[in-house]
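These protein sequences, in sequence, are chains A and B.
Sequential numbering of the first sequence, starting at 0, is according to numbering that gives the first Met the number 0.
Sequential numbering of the second sequence, starting at 0, is according to numbering that gives the first Met the number 0.
Among the hints, a few may not be true.
The list treats identical chains as interchangeable, and a pair is accepted whether it falls inside one copy or across any two copies.
[What the hints assert, rightly or not] In silico EDC-like cross-links for lysine to aspartate or glutamate, where the CA-CA straight-line distance does not exceed 20 angstroms:
1) K14 to E71
2) K293 to E231
3) K297 to D39
4) K354 to E383
5) K354 to E327
6) K184 to D39
7) K297 to D341
8) K351 to D40
9) K258 to E3
10) K86 to D182
11) K354 to E3
12) K14 to D212
13) K184 to D366
14) K351 to D338
15) K297 to D195
Simulated from the structure, these hints should not be mistaken for laboratory data.
There are 2 protein chains.
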Amino acid sequence: MHWENILATRASRLKASEIRELLKLIGQPGVISFAGGIPDDALFPVTEFQQAFAALCEGENASAALQYATSEGHLPLRQWIVGEMAKLGIPCDSGNIIITSGSQQALDYLGKLLLSPGDTALVQWPTYLGALSAFNAYEPVYDRLETGALRPAESYRQAASGGRVKFAYLSSEFCNPTGESIDSKERVRLLNLARDLDIAIIEDAAYQSLRYDGEVIPPILALDIEREGSIEATRTLYCGSFSKTLSPGLRVGWVCGAKSVISRLVLMKQASDLHSGVVNQMAVADVATRAFDKQIEKIRPVYRQRRDSMLQALSREMPAGINWTRPEGGMFIWLTLPDFMDSVGLLADSLKSEKVAFIPGSAFFADRSGANSLRLSFSNSSEENIEQGIARLGRVIRQALAS
Amino acid sequence: MHWENILATRASRLKASEIRELLKLIGQPGVISFAGGIPDDALFPVTEFQQAFAALCEGENASAALQYATSEGHLPLRQWIVGEMAKLGIPCDSGNIIITSGSQQALDYLGKLLLSPGDTALVQWPTYLGALSAFNAYEPVYDRLETGALRPAESYRQAASGGRVKFAYLSSEFCNPTGESIDSKERVRLLNLARDLDIAIIEDAAYQSLRYDGEVIPPILALDIEREGSIEATRTLYCGSFSKTLSPGLRVGWVCGAKSVISRLVLMKQASDLHSGVVNQMAVADVATRAFDKQIEKIRPVYRQRRDSMLQALSREMPAGINWTRPEGGMFIWLTLPDFMDSVGLLADSLKSEKVAFIPGSAFFADRSGANSLRLSFSNSSEENIEQGIARLGRVIRQALAS
Chain A
0 MHWENILATR
10 ASRLKASEIR
20 ELLKLIGQPG
30 VISFAGGIPD
40 DALFPVTEFQ
50 QAFAALCEGE
60 NASAALQYAT
70 SEGHLPLRQW
80 IVGEMAKLGI
90 PCDSGNIIIT
100 SGSQQALDYL
110 GKLLLSPGDT
120 ALVQWPTYLG
130 ALSAFNAYEP
140 VYDRLETGAL
150 RPAESYRQAA
160 SGGRVKFAYL
170 SSEFCNPTGE
180 SIDSKERVRL
190 LNLARDLDIA
200 IIEDAAYQSL
210 RYDGEVIPPI
220 LALDIEREGS
230 IEATRTLYCG
240 SFSKTLSPGL
250 RVGWVCGAKS
260 VISRLVLMKQ
270 ASDLHSGVVN
280 QMAVADVATR
290 AFDKQIEKIR
300 PVYRQRRDSM
310 LQALSREMPA
320 GINWTRPEGG
330 MFIWLTLPDF
340 MDSVGLLADS
350 LKSEKVAFIP
360 GSAFFADRSG
370 ANSLRLSFSN
380 SSEENIEQGI
390 ARLGRVIRQA
400 LAS
Chain B
0 MHWENILATR
10 ASRLKASEIR
20 ELLKLIGQPG
30 VISFAGGIPD
40 DALFPVTEFQ
50 QAFAALCEGE
60 NASAALQYAT
70 SEGHLPLRQW
80 IVGEMAKLGI
90 PCDSGNIIIT
100 SGSQQALDYL
110 GKLLLSPGDT
120 ALVQWPTYLG
130 ALSAFNAYEP
140 VYDRLETGAL
150 RPAESYRQAA
160 SGGRVKFAYL
170 SSEFCNPTGE
180 SIDSKERVRL
190 LNLARDLDIA
200 IIEDAAYQSL
210 RYDGEVIPPI
220 LALDIEREGS
230 IEATRTLYCG
240 SFSKTLSPGL
250 RVGWVCGAKS
260 VISRLVLMKQ
270 ASDLHSGVVN
280 QMAVADVATR
290 AFDKQIEKIR
300 PVYRQRRDSM
310 LQALSREMPA
320 GINWTRPEGG
330 MFIWLTLPDF
340 MDSVGLLADS
350 LKSEKVAFIP
360 GSAFFADRSG
370 ANSLRLSFSN
380 SSEENIEQGI
390 ARLGRVIRQA
400 LAS
C-alpha cells in the first residue's frame with residue numbers, strides 16, 4: 000500500500016511538534032523542565048471534581064451524562080460562561096457560546112471555517128505553536144502581524160497574492176510563548192486594521208484568568224462590541240479555556256462570538272465529533288459554579304511567586320547580553336540570546352550537561368526564524384527547582400558564550 | 000462584518016443535519032420516534048461507571064485524570080482494544096490504535112488525512128449521513144460504491160476526473176441506515192477493487208458488537224491482514240466505537256490500522272484537540288475491562304427483541320408494495336415505499352396526523368436520491384411503542400397510498 004499516493008496535500012504539513020516530542024524526552028530522572036506549558040496538577044481542585052463526578056452518577060444525571068447530547072454544548076455551562084463574559088464587558092447570551100474540546104479545537108474549527116488553501120493568516124512572530132499546527136491543516140500562508148507599529152492594511156493585502164487575508168490570530172494577554180500582552184491602544188489599532196482588511200480577529204484568551212499584576216484590560220471582543228453596538232456586528236472570536244484554571248485533561252473550552260459564526264461552528268462540531276463529552280461539561284459546569292473564583296484565588300499567588308522566583312533567578316544567573324520578558328501573568332518567560340546563538344543546539348547541550356529543558360524559540364515562528372530565543376515555563380516547577388534550573392541554564396549559556 | 004467574504008470554500012457544504020434538527024422537533028408530547036439511532040439509556044452500565052468515576056478520584060488517578068495526556072490515547076484502553084481486535088482475527092499492538100472522540104472523529108480525521116478538494120470518496124447509496132457530513136468538509140466528489148455486482152475498477156478511475164479516488168467507506172455490518180451487512184465474498188471483492196484502485200478502505204464497525212443472529216463474519220481488516228501477512232501492509236482502517244455498547248456521551252472510539260497511518264492520525268489529533276478527555280478514556284477502560292462482555296450480554300437480547308417486534312409489526316401493519324430489510328444486528332430497519340412516494344412529505348403528515356417520526360431516506364444518499372425510502376430505528380423504543388408506532392405508520396402510509 001503506497002499511502003503517499005493517496006494522502007491529501009495537507010498531510011505534508013503534519014509534523015511532530017517539538018513540545019510533544021520533548022515531553023517524552025524529559026522524563027529522565029534529574030531533569031528540571033521549563034518546557035511544557037502545563038498547570039501544576041497539585042493545584043487542581045480535586046475535591047470539587049470528586050464531588051462533581053459523584054453527583055453525576057445520581058438519578059437522572061447518569062442517563063444524561065452517558066447519552067448523546069447537543070453539539071452546542073451543555074446549557075448550564077454555557078450560561079455560566081455568559082456570566083463570566085459579562086464581567087469582562089462582553090454582554091451576550093448562550094447562543095453566542097459553543098463548547099469545544101479545549102480551545103485547541105476552537106482554533107482548529109476557526110481555521111477550518113475560514114481558510115482555503117493559499118489564504119493568509121496573520122500571526123505574531125513568535126506565536127502559539129499549537130495555533131500554527133491547527134491552521135496548517137488548512138494550508139494557509141502566514142504573514143507577520145505587527146501590533147506595535149502597524150503596517151498599513153494595503154501591505155497585508157498585497158502580500159496575500161495567493162488568496163485573501165482571512166484573520167489575525169493572537170493571544171492578547173500573557174501570550175504563549177512570550178508572556179507579553181498588547182495594551183488597549185494596540186487592541187484598538189488592531190480592530191482598525193481588521194476593519195480595513197475586512198477580516199476576523201481570533202482572540203486566544205487561554206490565560207485570561209492568570210493575571211498577577213497590572214490593570215485589567217478589556218478583551219478585544221469587549222472593545223469590538225463597544226464600537227459596533229452589539230456582539231452580532233463584531234468580527235472578534237474569543238476563545239476561552241478551562242485548561243489553565245480547572246483542568247486541561249477534561250478538554251473543555253469555548254468560543255464566544257456573533258451567532259452567525261457560532262451557528263456554523265455548531266454544524267462543524269456536529270460533523271466532526273458530534274459534541275464534547277457530556278461528563279466533562281457537566282463536571283466543569285458544577286465545579287466552575289461552586290468554586291471557580293476560589294480556585295483562581297488559590298492558583299494566582301502560587302504562579303505569581305514562581306514567576307517572581309524565575310525573574311529573580313534570571314537576574315542573578317544570566318550573563319550580560321541575555322534579555323527576557325517580564326510578564327504580568329500567564330505561564331511563560333521569553334529569553335532572547337545574542338544573535339549568533341542557536342537555542343536548538345543549546346537545548347541538546349543543556350539536556351546533556353546540565354539536565355535542564357526549555358523550548359527552542361524557532362518552534363514558535365511561522366518562518367522558523369528566532370533561533371536565538373527560547374521559552375521558559377514557570378508554572379509547573381517548585382521555587383527550589385526554578386532556582387536550581389535557572390542556575391543550570393546560566394551555566395550552559397555562559398559555557399556556550401565562552402566557546 | 001461580511002462573513003460570507005471570508006469563509007473557506009468548504010463552508011458552503013456546512014448544512015444542518017436532518018437528524019439533529021428532527022431530534023429537536025420530536026420532543027413534543029405523544030410522539031413515538033423511530034428517528035434517532037441512539038442507544039436506550041436505561042441500558043447504560045450506570046453502576047459500573049459510578050464505580051469508575053469514584054476510582055478516578057482516588058490518589059494519583061486524580062492528577063492523571065485532570066492533567067494533559069498523550070495524543071495517542073490512554074495506554075490501558077488501547078491495550079484492552081488490542082485484546083478485542085485479536086478476538087476478531089486482527090493481531091496488532093497498541094501502536095496500531097489511536098483513541099478518537101467517538102468514531103465520528105475518526106471519520107473526520109480520515110477524510111482530513113486523505114481528501115483534497117475534488118478527490119473522490121466511494122460510498123454506498125445510501126450510507127451513514129454522519130460520514131457524508133464529516134467528509135464534506137474536505138470537498139470531495141462522491142461516487143457510488145457497488146459491493147454486490149462490482150463495477151470494474153477502471154470505471155471508478157475514469158469517473159474521478161477532478162481528482163483521484165482515495166478510499167471506499169462503508170459499514171460492513173448492520174449498517175446505518177439499512178441494517179444490512181456485506182458477506183465474506185463481497186468483502187474479498189471489495190479488497191480486490193481497493194487493490195486495483197490503490198485506495199484505502201474505511202471500515203466503520205460502530206455496530207460490530209450488536210449481532211443478534213447469523214454467523215460472525217471476519218472484519219475486512221482481518222481479511223486484509225490474512226492476505227497481506229501483517230497489519231502494516233494493509234489498506235483497511237477499522238473504526239470502532241463504544242457509543243453503541245457502553246456510552247455515547249463519553250465520546251470514545253478508535254481507529255485500528257497500519258502504524259504509518261496511525262502515527263499521522265496522532266499528529267493530526269495533537270494539532271486539532273491535543274487528546275481525548277482523560278476521564279472519559281480511563282472510565283471506559285475501567286468499565287470495558289470489568290464489564291464489557293456482561294454489558295453485551297445484557298443489551299443484545301433487549302435490542303434483538305425490539306428488532307423482532309418491529310419486524311412482526313411491519314408484517315402486520317404494512318400494506319402491499321412496501322418492502323423492508325431484515326437486519327441480523329444493529330439498530331435500523333430500512334423501508335422502501337413505492338417509487339412515486341416521497342418520505343419527506345410523509346414525515347410531515349406523519350408527525351401531524353399520527354405523531355410518529357422516522358428519518359427520510361434521501362438524507363442518506365450522497366446525491367439526495369432515495370426519496371421513496373425511510374429509516375426506522377428500533378433501539379430506543381419499548382415493544383409497546385414499537386407496536387403502536389408501526390401501526391400509526393401503517394395508517395399514514397395507507398392514507399398516502401389512497402390519496
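Results of checking the hints against the structure:
For the homomeric pair K14 and E71, the shortest alpha-carbon distance between copies (15 angstroms) is at most 20 angstroms, but the shortest distance inside one copy (31 angstroms) is not. In this homomeric assembly, K293 and E231 never come within 20 angstroms of each other (Cα to Cα): the closest approach is 32 angstroms inside a single copy and 51 angstroms across copies. Taking the shortest Cα distances, K297 and D39 sit within 20 angstroms of each other inside one copy (12 angstroms), while across copies they are farther apart (42 angstroms). In this assembly of identical chains, the alpha carbons of K354 and E383 lie at most 20 angstroms apart only when taken from the same copy (15 angstroms versus 69 angstroms across copies).
Proximity of K354 to E327 under the C-alpha cut-off of 20 angstroms is found in neither arrangement, the shortest distances being 28 angstroms within a copy and 60 angstroms between copies. Taking the closest pair of Cα atoms, K184 and D39 never come within 20 angstroms of each other, the shortest separation being 34 angstroms inside a single copy and 55 angstroms across copies. With identical chains, the CA atoms of K297 and D341 are never at most 20 angstroms apart, being 38 angstroms at best within one copy and 61 angstroms at best between copies. With identical chains, the CA atoms of K351 and D40 are never at most 20 angstroms apart, being 27 angstroms at best within one copy and 55 angstroms at best between copies.
When the C-alpha separation of K258 and E3 is checked against a cutoff of 20 angstroms, the pair qualifies only between copies, where the shortest distance is 14 angstroms, while the shortest distance within a copy is 40 angstroms. Taking identical chains as interchangeable, the C-alpha atoms of K86 and D182 lie at most 20 angstroms apart only when both belong to the same chain, with a minimum of 19 angstroms there against 60 angstroms between chains. Neither within a single protomer nor between protomers do K354 and E3 lie at most 20 angstroms apart by alpha-carbon distance, with minima of 39 angstroms and 52 angstroms respectively. Proximity of K14 to D212 under the C-alpha cut-off of 20 angstroms is found in neither arrangement, the shortest distances being 37 angstroms within a copy and 46 angstroms between copies.
Taking identical chains as interchangeable, the C-alpha atoms of K184 and D366 are never at most 20 angstroms apart, the minima being 27 angstroms within one chain and 52 angstroms between chains. Proximity of K351 and D338 under a CA criterion of 20 angstroms is satisfied in neither setting, with 23 angstroms inside one chain copy and 74 angstroms between copies. For a Cα distance limit of 20 angstroms, the shortest separation of K297 from D195 qualifies neither inside one copy, at 43 angstroms, nor across copies, at 62 angstroms.
Violation of the numbered hints given earlier is confined to hints 2, 5, 6, 7, 8, 11, 12, 13, 14, 15; the remaining hints are satisfied by the structure.
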